[in-house]
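Trainee: So you can see what is in the structure, the chains are spelled out below.
4 protein chains.
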Amino acid sequence: MIKTGIVGGTGYTGVELLRLLAVHPQASVEVITSRGEAGRSVADLFPNLRGHYDLRFTEPDVKALCQCDVVFFATPHGVAQSMMKELYDAGVRVIDLSADFRIKNIATWEQWYGQSHACPELVESAVYGLPEVNREQIKTAQLIACPGCYPTSIQLGFLPLLEQNLVDSENLIANAASGISGAGRQGKVDLLLAEASDSFKAYGVAGHRHLPEIEQGLRAIQSEACAPAKLTFVPHLLPTIRGIHSTLYAKLKVEGGDLQKLYEQRFQGEAFVDVLPLGTFPQTRTVKSTNVCRMSIIEPQANGTVVVMSVIDNLTKGASGQGIQNMNIMFDQEETLGLSAPALLP
Amino acid sequence: MIKTGIVGGTGYTGVELLRLLAVHPQASVEVITSRGEAGRSVADLFPNLRGHYDLRFTEPDVKALCQCDVVFFATPHGVAQSMMKELYDAGVRVIDLSADFRIKNIATWEQWYGQSHACPELVESAVYGLPEVNREQIKTAQLIACPGCYPTSIQLGFLPLLEQNLVDSENLIANAASGISGAGRQGKVDLLLAEASDSFKAYGVAGHRHLPEIEQGLRAIQSEACAPAKLTFVPHLLPTIRGIHSTLYAKLKVEGGDLQKLYEQRFQGEAFVDVLPLGTFPQTRTVKSTNVCRMSIIEPQANGTVVVMSVIDNLTKGASGQGIQNMNIMFDQEETLGLSAPALLP
Amino acid sequence: MIKTGIVGGTGYTGVELLRLLAVHPQASVEVITSRGEAGRSVADLFPNLRGHYDLRFTEPDVKALCQCDVVFFATPHGVAQSMMKELYDAGVRVIDLSADFRIKNIATWEQWYGQSHACPELVESAVYGLPEVNREQIKTAQLIACPGCYPTSIQLGFLPLLEQNLVDSENLIANAASGISGAGRQGKVDLLLAEASDSFKAYGVAGHRHLPEIEQGLRAIQSEACAPAKLTFVPHLLPTIRGIHSTLYAKLKVEGGDLQKLYEQRFQGEAFVDVLPLGTFPQTRTVKSTNVCRMSIIEPQANGTVVVMSVIDNLTKGASGQGIQNMNIMFDQEETLGLSAPALLP
Amino acid sequence: MIKTGIVGGTGYTGVELLRLLAVHPQASVEVITSRGEAGRSVADLFPNLRGHYDLRFTEPDVKALCQCDVVFFATPHGVAQSMMKELYDAGVRVIDLSADFRIKNIATWEQWYGQSHACPELVESAVYGLPEVNREQIKTAQLIACPGCYPTSIQLGFLPLLEQNLVDSENLIANAASGISGAGRQGKVDLLLAEASDSFKAYGVAGHRHLPEIEQGLRAIQSEACAPAKLTFVPHLLPTIRGIHSTLYAKLKVEGGDLQKLYEQRFQGEAFVDVLPLGTFPQTRTVKSTNVCRMSIIEPQANGTVVVMSVIDNLTKGASGQGIQNMNIMFDQEETLGLSAPALLP
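Chains as they are written, first to last, in my numbering: chain A, 1 to 346; chain B, 1001 to 1346; chain C, 2001 to 2346; chain D, 3001 to 3346.
Derived by calculation from the structure, the hints in this document are not laboratory data.
The reader is advised that the hints may include incorrect statements.
The list that follows gives simulated cross-link-like pairs (lysine to aspartate or glutamate, EDC-like), each with its CA atoms no further than 20 Å apart [what the hints assert, rightly or not]:
no., chain 1, residue 1, chain 2, residue 2
1, C, K2188, A, D44
2, C, K2251, B, E1170
3, A, K188, C, D2190
4, D, K3253, A, D168
5, A, K253, D, D3168
6, B, K1188, D, E3037
7, C, K2230, B, D1168
8, C, K2253, B, E1037
9, D, K3188, B, E1037
10, B, K1251, C, E2170
11, A, K230, D, E3037
12, C, K2104, C, D2061
13, B, K1230, C, E2255
14, B, K1253, C, E2170
15, B, K1230, C, D2274
16, B, K1253, C, D2168
17, C, K2188, A, E37
18, C, K2230, B, E1299
So these bits of chain B aren't anywhere near chain C, every CB distance computed over 12 Å [claimed, not checked]:
no., residue
19, G1011
20, S1082
21, D1089
22, I1106
23, N1134
24, S1178
25, D1190
26, H1208
27, I1221
28, C1226
We treat Cβ as the ideally placed atom computed from N, Cα and C, and that holds for glycine.
The whole structure should be built from the sequences, with the hints applied where relevant.
Mentor: Here it is, written out as structure tokens:
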């Protein structure tokens, strides 16, 4: 059994980890920390877990965490970097669901997140936990920087096009929409049912923190010869609980070519990427609660612009599920272990 | 492995059976029938099942169904009774999720369902598949009449009060609300998102088909000496996909008595009934996708009227999940097998 | 033109007043106060009002309010009572949408609201602003205590039955459900779209603050000879933005009697109460944004229990719309002025 | 008073016309036709209109319609063209909300709508009813082809950029999302609350019927010298009742230029176009039930791609409200008459 610890388990990525680990046959949750809820029963805060856990939140304690085989950070940015050195030096493996170790350029990170980085020395050693790109490095990594939700959906969607250098990489567009759980479990007026339901809006258009992460990821995919990817990224807020739908646009550099086949071949063998048959399009509900990224590709009206639609569950493949996928890879388990239940429908 | 067949798999109880059986370690789906969709791939109709089934709908064929260990009917009323005799005589075990064999009094059934019963001779032998009441008979039953969704929620909620004869049984009230999937997967204007979302209404107030089933069930629970249960039942339509919330009212015959303890003791050991701590109330989302019935009991203002709140997922404990619970019992499996994943939250 | 002022205009009853007054042909908004948003443009906080108001929030200032013909309080309880004496003595007419002056028994108010009443001397002179009951007193009142949302829906629903002494008044049941805007515009986790949508729950079952208000109102309706009304009141939270649906239950004391006719006759001439034809039931969406209370009455299965369904928009007939209805009456305007637009559908 | 008739009043644009005309001070509804509902009371089918209309649906009858000053077609495509000649020759003015007379090129219309055009001779004389572009022609038009919902939102959004020839017109992108009422009041499984809520998807990506209408409209805006507009148009289905949000992308041909000012100046004086302050973005709920198109413009990261967000209510500015705006212009009324109530919020 893989002994896991969770730092900051009171948010949505925390409870999603707990939900998934509750039925994972090779992992147990030994420690879960929360400053605010220390002493409270996990099942009291999250009644869906009644009968599944006999566990209480505790104050963060590095010593206790060091007893674990792997520690997940399900915290806002800034927390993981403040505790990482000690855990790292103790040899604990860490899967950080926050943004702390995703961006290689420290200055870029500091600019977008508005604070100094507390542990720049470990950024380089962090492996970006997108298994479809970095599976080999993940196997042996000690520190995983788990990708953000938008970045997962968008990078996977552009992947075959950029790897093959088929599009004008300097004018990429990602029009994405996220369910409201992406904003976290916090009492903000904008996130109220009375404010956000039966409505739709764009936000963060001037610059969303996921933009530098996505561009870094896209550039890592490209061959050396290509012009570095530049992206216009417009996120929107969906009146749904979960789900990200990214609609990607790029100008094809050459005509012809069987894009459907390209996508099917690239993701053949990937358990968590599902390319839909030509002419059908993904719905976010078909991946809700699952670790699957489902996608379609089409060149409408043969007009030279390719459109990719890519959907994930922002809390699963976009966060905690991908974290567990990384854990499975790191601990030499079947990659799909504990992640194979189909989505609820309806 | 238990070989299962499903008749009428294109509705919501059908796809729910498929979802649950996809991860059941001791059951396989061998046959799934649909007149309308014969030849079509299951995963094509229900894209959440892509990668989980390599199965196509076929025309209903009793011979093929007779190769199964157990056959589920996920059909509108009237279908199971038309095929039952042949299956029964062939020795196949059947779990009927429809209303065909639930009501013992044939005349009552025919009055409420507006048609002649095509197989009255097997009604008596059918076991009402509410495990918390009839577990022993279920073990050896050949034909299970699986309870309706409202009836499950309401009977479990009233159970301890009626068994102990604590309330005025002739003036029971069940104010219940169901998610819209209870109305089935059919293109009716009333069920459109544009009509039913952001709204709430009662329906079927003059008389809902579940009323005679509930009253029959409540009377079966009562001791002989009691006045037969009579119920005022008002169902409402929730703007949610799943979930039933029943709010039950009854006049206490005697004061005092620890109702909380009564409920906890009655359901102790029941894996799928969860009595909440005093003063907390159930939410439908905490049972969504699960086979759990979660409930609370309170006597507000100590005014002599007891209030029970009882929630289930109408498609799981209210239909397909309970069907599989019955199957587990019939085939001597752990009762919770394949039914233990926690609900999604958020 | 009636010059109006609004105290506490940043909540949902505040913006609803602004929406309705924007198209009221005989009223203008002169002052709107908010400590937290002083200086901010109304249309900046509420973008639906862009182009309708050239008005900014100001610090509360009794002198400025005294220039108005009528002042609305759209504040949490406790605020109106702290400013009332000064306004009252200045002769300003006040319509208080909060609970401060609804309950005649000061001790009862203090018990349920958990604080001392700051202005008990004016409670007696306050007129309970339910026009269908107190129209005459409203005409000349200086201080209106506008009814709560649940109380409006429930009192109107029980009105004819209690006036005529037709039911067992000591065992009334009100099973009510409210859209989430009833909880106000405040950043609480429970009210998030991610928490409250696609779910349903009861709350405040042990005792909701509207209970004493409703019982007081019901008793005021009853003839002297009757046993004082006692109510079991169970509120629920709907995953909708607006709307209250109350399902009322009472035991009939005598059989027979044409309840449909009784309701139609009682509310004949009431512009804002609409009794539906027998056998049809109200939906909350058909009153959304309107001041209408729509209701149905039925005795299901002729079993001696009468069921009334009564729907309102909690922010309109349940608060701000009723406030304006009161204003129209007080200032000798057509009662429906500014309140006659039909509901949006779909 | 303007006497109006409505053909096909049982759909969502029909009930929206009825809602708006119920409070229009200078218009009355004299006739409303429906084959399927002839004889039925309007308020029986649409209970939000109880108390507002004493009108019944009648069989379509050109003679009765000829008594009206103006006839609205709120029908699926194909109906208006079959009745138009007779009405036109009788001198009746017509506002067609359907697609029948929008596209000037008959072959294009026939290709996209899959049928022969029954009245090609009147297509040329039809005025495209987008007042912000064609106000002068609308004044004297006999036949108005009212724009589609997506086309209204998208054309208004691109208008200043194309008029000024500021962008690469051959590579325009419109990523749009519509509330489900855009699909009409029809009982299709895909539109059920159980299927469409809590989800999001693209549809019609290969080619949506609004594409040729939008391209025709965009080209009409452009100066002669420009390369004809070519659009990649991807519509999506929102889990909301109403609302269209279009996110438009275009490559700027020149740097610099104050786009915010350009938009503000272009739409200055337009009562129904509201350009938001720089840095704020529109929400569909702020235009729900109104005739307003609210928009923002931004060039994120100064990267050469301009993004316009444009929201409307698909049934109001996207259909019936725009129809009434046209009527007001045609009959020399204040353009905003009957269209000035603010949106509901929350």
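Trainee: For each hint, tell me whether it holds in the structure or not.
Mentor: We went through each hint and held it up to the structure:
no. : hint              : verdict
1   : C:K2188 x A:D44   : holds (18 Å)
2   : C:K2251 x B:E1170 : holds (12 Å)
3   : A:K188 x C:D2190  : holds (11 Å)
4   : D:K3253 x A:D168  : holds (17 Å)
5   : A:K253 x D:D3168  : holds (17 Å)
6   : B:K1188 x D:E3037 : holds (16 Å)
7   : C:K2230 x B:D1168 : holds (18 Å)
8   : C:K2253 x B:E1037 : violated (55 Å)
9   : D:K3188 x B:E1037 : holds (16 Å)
10  : B:K1251 x C:E2170 : holds (12 Å)
11  : A:K230 x D:E3037  : violated (56 Å)
12  : C:K2104 x C:D2061 : violated (28 Å)
13  : B:K1230 x C:E2255 : holds (17 Å)
14  : B:K1253 x C:E2170 : holds (15 Å)
15  : B:K1230 x C:D2274 : violated (31 Å)
16  : B:K1253 x C:D2168 : holds (17 Å)
17  : C:K2188 x A:E37   : holds (16 Å)
18  : C:K2230 x B:E1299 : holds (14 Å)
19  : G1011             : holds (20 Å)
20  : S1082             : holds (30 Å)
21  : D1089             : holds (38 Å)
22  : I1106             : holds (20 Å)
23  : N1134             : holds (27 Å)
24  : S1178             : violated (9 Å)
25  : D1190             : violated (10 Å)
26  : H1208             : violated (9 Å)
27  : I1221             : holds (20 Å)
28  : C1226             : holds (17 Å)
Violated hints, in rising order: 8, 11, 12, 15, 24, 25 and 26; the structure is consistent with all others.
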